[in-house]
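Undergrad: Mapped onto our numbering, the consecutive letters of the sequence shown carry residue numbers 13 to 226.
In short, the hints are calculated from the structure, not lab data. Treat the numbers as computed from the prediction; the structure is a model and nothing was measured. Check each hint, because a few of them may be wrong.
To be verified - Capping the alpha-carbon separation at 25 Å, the derived lysine to any residue pairs in SDA-like fashion look like this: (1) 165 x 116; (2) 112 x 224; (3) 92 x 161.
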Amino acid sequence: MEKHSLKIKKSARYFVSGTPGPSIKKVWFICHGYGHLGNYFLRKFEELNDSTTLFVSCEGLSRFYVSGFSGRVGASWMTKEDRTEDIEDYIGYLNAVYDKIMNMQTTPVHITAFGFSQGTATICRWLEAGSHRVDQLVVWAGGIPDDIDLVVKRDRFNSFRKVLVVGTQDEFIKETEITSLCNRLDNDGIKKEVIRFEGKHELHEETLRQLLVI
13 MEKHSLKIKK
23 SARYFVSGTP
33 GPSIKKVWFI
43 CHGYGHLGNY
53 FLRKFEELND
63 STTLFVSCEG
73 LSRFYVSGFS
83 GRVGASWMTK
93 EDRTEDIEDY
103 IGYLNAVYDK
113 IMNMQTTPVH
123 ITAFGFSQGT
133 ATICRWLEAG
143 SHRVDQLVVW
153 AGGIPDDIDL
163 VVKRDRFNSF
173 RKVLVVGTQD
183 EFIKETEITS
193 LCNRLDNDGI
203 KKEVIRFEGK
213 HELHEETLRQ
223 LLVI
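Based on the provided sequences and hints, a complete structural model is requested.
TA: This is the structure we're talking about:
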């Protein structure tokens, strides 16, 4: 048996809160976690919108029923199966979303790349692969993939602010993992900030508001 693959056209959606224009000062490109959908995840950010921020919620290219064969639907960025091709696909998708949004924005803006849980690996691989300008990377309840060579990409990753955010009771992230990631960044010469909040594997409104201040 031989494996074959080919490129096809595919419809991919994203969701936006806000309207591009001169009143927009900040643009956030958001990657959700495993099993989320872009539209529902965006609701967490809409409550923070003060008309100066454009929130762009991107969505994993693979959707599935979260439990059984019907009911709630979620999305995933990738699995271990054909991971290289899936990574290439979502990088191309994120490039296209970024270009479309920024082509509509005619005034200077502060750009945040935000990843939650599974979406942290997605947003980091996107930044590693390209040169699109961002001013801030938020890695929330997740990490930076081990296969990213931060020494080689040091200049790229030090060209924007990096903030690691994790809840003090996060049930999916061990303290040893947080320590290991911080040590890795320090050893590789990558500047970072760490924010802890009282909570679990979730978004935290007060911390989000803090990150919106530029």
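Undergrad: What hints, given by number in increasing order, does this structure fail?
TA: Hint check: 1 fails alone, others pass.
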